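Novice: Keeping their order, the protein sequence lines are chains G and F. Heads up: the first sequence begins at -18 in this note's numbering, then just goes up one per residue. Heads up: the second sequence begins at -11 in this note's numbering, then just goes up one per residue.
Careful: at least some of the hints might be erroneous.
As the list claims (entries may be wrong) - Non-contacting residues of chain F with respect to chain G, defined by C-beta distances greater than 10 Å in every case (computed):
| # | residue |
| --- | --- |
| 1 | Glu(-7) |
| 2 | Glu59 |
| 3 | Ser60 |
| 4 | Pro67 |
| 5 | Ala71 |
| 6 | Thr72 |
| 7 | Gly74 |
| 8 | Ala83 |
| 9 | Ala84 |
| 10 | Ala90 |
| 11 | Lys93 |
| 12 | Val99 |
| 13 | Thr148 |
| 14 | Pro151 |
| 15 | Glu218 |
What the hints assert, rightly or not - Cross-link-like lysine-lysine pairs, in silico, DSBU-like; alpha carbons within 35 Å at most:
| # | chain 1 | residue 1 | chain 2 | residue 2 |
| --- | --- | --- | --- | --- |
| 16 | G | Lys9 | F | Lys155 |
| 17 | F | Lys155 | G | Lys11 |
| 18 | F | Lys97 | G | Lys9 |
| 19 | G | Lys11 | G | Lys221 |
| 20 | G | Lys221 | G | Lys236 |
| 21 | F | Lys17 | F | Lys97 |
| 22 | F | Lys214 | G | Lys9 |
| 23 | F | Lys214 | F | Lys97 |
| 24 | F | Lys93 | F | Lys17 |
| 25 | F | Lys155 | F | Lys97 |
| 26 | G | Lys9 | G | Lys221 |
| 27 | G | Lys11 | F | Lys17 |
| 28 | F | Lys214 | F | Lys155 |
| 29 | F | Lys93 | F | Lys155 |
| 30 | G | Lys221 | F | Lys93 |
| 31 | F | Lys214 | G | Lys11 |
Read the hints as simulated data drawn from the structure, not as lab findings. From a predicted model like this one, the values you see are computed outputs, not experimental measurements. All residues carry an ideal CB built from backbone N, CA and C; glycine is no exception.
Given next are the chains, with one letter for each unit.
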Amino acid sequence: MTEKTSTLRAPYATVLKPYGQALVELAKRKSNVICLGADLTRQTETDLFRDELGDRFFNGAMSEQNLMGVAAGLARSGHQVFVNTFGVFATRRPYEQVAMQIAYANLDVKIIGLMPGLSTPGGPSHQATDDIALMRALPNMTVVDVADAREIPQAVEAISAISGPVYLRLKRGEIPVLFDESHQLDLDNVVVVDGVGDSSAEVDLTIFATGMMVAASVAAADALRGVGLEVNVVNVTSLKPLDAAGVLREAGRSKAVLTAENHSIIGGLGSAVAEVLAEAGTGVPLRRVGIRDTFARAFSARYLFEHYGLSSQHLVDTAAALCGRSAPFPEVIDVPQEVGAYSPV
Amino acid sequence: MIAREGFGYLGQALSAAEIFAALYVDVLKATDDLVVSPGHYAIVHYGAGVEVNRISADELETYGVDGSSLESIGTEHTPGLSATCGSLGQGLSVAAGLALGARLKQEDKFVYALISDGEMEEGQTWEAALFSAHHELNNLVVLLDRNDSQVDGPTHQVTTLEPVPDKWAAFGWDVQAVDGHDVAELRRALRAAAEADRPSVIIAETWTLSGLDHLLPDEADGHFLKVSPEQVEAARAHLDQAERDALRVASAPWSKRVGGVA
């Protein structure tokens, strides 16, 4: 039995703009990489690319529908194109263009959607709460969400190695470091990052978490362990294709399953896991933690995560009840973070 | 091509026949890209493609048949088309991307995009117009089929698009307006467009009944024409005679194109 609990806990060190740096490094080695933006250059960390590799950076202005078509044309002429904007503007507004010009044609276009879910106080116009659902529904599209600053540079490399289209969901700015230096991003497998590594050992609960909710799930798991529950946290980086065998393997040794996503519970990780479990005839009790079929308000991320049920405490309450425990439920220890630093909420 | 079913995108073929003739015979090189933004116009691409040995006559017979590579609304399964269109308003953006990509690769080629006047109703067309002018894509040439026709009837009854040349000029494009059924005018305009220092648009005034107007009713839906077997026979006879009367010109070197029909 291996306990993987040493480097995952808050408070977290943070890295500034790891995506923007990684994209520059990739493009320095790979001369066909083009960077496209839509009037959100600094906000998508691509000011670094513009300043270093300006001849391969194009600002397409606030014209996302056109931008997806331009990306397709560039890809058809032999380029690998990274399109950078906020997730909501990369998915909802140009959905048909992404579908017809990029997904249908299976082109080498990487769509980078920043500010996932409720990570922004921008309200419903800026919160990408259905982007995973939209992108998952497109044939040929790979959908990736990452948990920390170690995974981001690896994700840039990994999606660059995929020949077809990819949607990469990214928190922007200061990104926490959850994993140690040896951590390897795995797009092919769901991975137990916290808990009982021995795949034959039974556990009370498995939390399948993606993106920002991995950190929140680790905090929740600690509180649940405090009342005697054996809990695994599984990092799901590839929402599509989903490692169905891995989901079944981990769910198969769990008395209960929780999914945790900073996204609508419709169409995202929770739905994807439910589809796998149901089609396999698995009767394991399941709860989906995420945004419950609602639009959100324009308030602070911390408020939003608590109000819309994405906090670690909400995970604990849901999980404890699912595991047959009665209230009062264990409390999550609130680890203070420096102002301006990342908060797992 | 539409005789088998008795309906199809004949109006598009009739309005754009001379546009494609001028483009294919006189200008388009094997290395150039062609985007047909209204994918419905694939029918005229197929018809013209046979004349320049791009598409075999046998293959033409499969138009609209299940399993054919000549789909009724063209996709990239179609020989010679550089993008999958049909959802209107998307083609010009792809053409702009191809033109920018060619410039980055220092490729000496042109990107031609056929767009329809109805597509000016899609906001994306103007996004693409802004982008192309800002990036000075002088290797991009748009052929705009101004046939005043869309599903609900004459375009001018649906919405006001005029003044069309002024709109493109205001967006920073090189603009020429021509009679879209005059091959000589089209050829002159295409040659001039190649010399422009900006993206070019050739606004071709056309008619969806052109050439068969004496056989087809005035009130015909230009977007999706229905024809009777008698009309088909009369049209065949008319076009056969027209072909006998026509001037022969040399074919473009299509066989050099990647994947081309030998």
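Novice: With reference to the structure, classify each hint as holding or not holding.
Specialist: For each hint, the structure was consulted:
no., hint, verdict
1, Glu(-7), "holds (25 Å)"
2, Glu59, "holds (13 Å)"
3, Ser60, "holds (16 Å)"
4, Pro67, "holds (15 Å)"
5, Ala71, "violated (7 Å)"
6, Thr72, "violated (6 Å)"
7, Gly74, "violated (8 Å)"
8, Ala83, "violated (6 Å)"
9, Ala84, "violated (5 Å)"
10, Ala90, "violated (6 Å)"
11, Lys93, "violated (6 Å)"
12, Val99, "violated (8 Å)"
13, Thr148, "holds (23 Å)"
14, Pro151, "holds (23 Å)"
15, Glu218, "holds (39 Å)"
16, G/Lys9 with F/Lys155, "violated (41 Å)"
17, F/Lys155 with G/Lys11, "violated (40 Å)"
18, F/Lys97 with G/Lys9, "holds (27 Å)"
19, G/Lys11 with G/Lys221, "holds (25 Å)"
20, G/Lys221 with G/Lys236, "holds (25 Å)"
21, F/Lys17 with F/Lys97, "holds (8 Å)"
22, F/Lys214 with G/Lys9, "violated (57 Å)"
23, F/Lys214 with F/Lys97, "violated (39 Å)"
24, F/Lys93 with F/Lys17, "holds (18 Å)"
25, F/Lys155 with F/Lys97, "holds (27 Å)"
26, G/Lys9 with G/Lys221, "holds (28 Å)"
27, G/Lys11 with F/Lys17, "holds (30 Å)"
28, F/Lys214 with F/Lys155, "holds (34 Å)"
29, F/Lys93 with F/Lys155, "holds (31 Å)"
30, G/Lys221 with F/Lys93, "holds (33 Å)"
31, F/Lys214 with G/Lys11, "violated (53 Å)"
When each numbered hint is compared with the structure, violations occur for hints 5, 6, 7, 8, 9, 10, 11, 12, 16, 17, 22, 23, 31.
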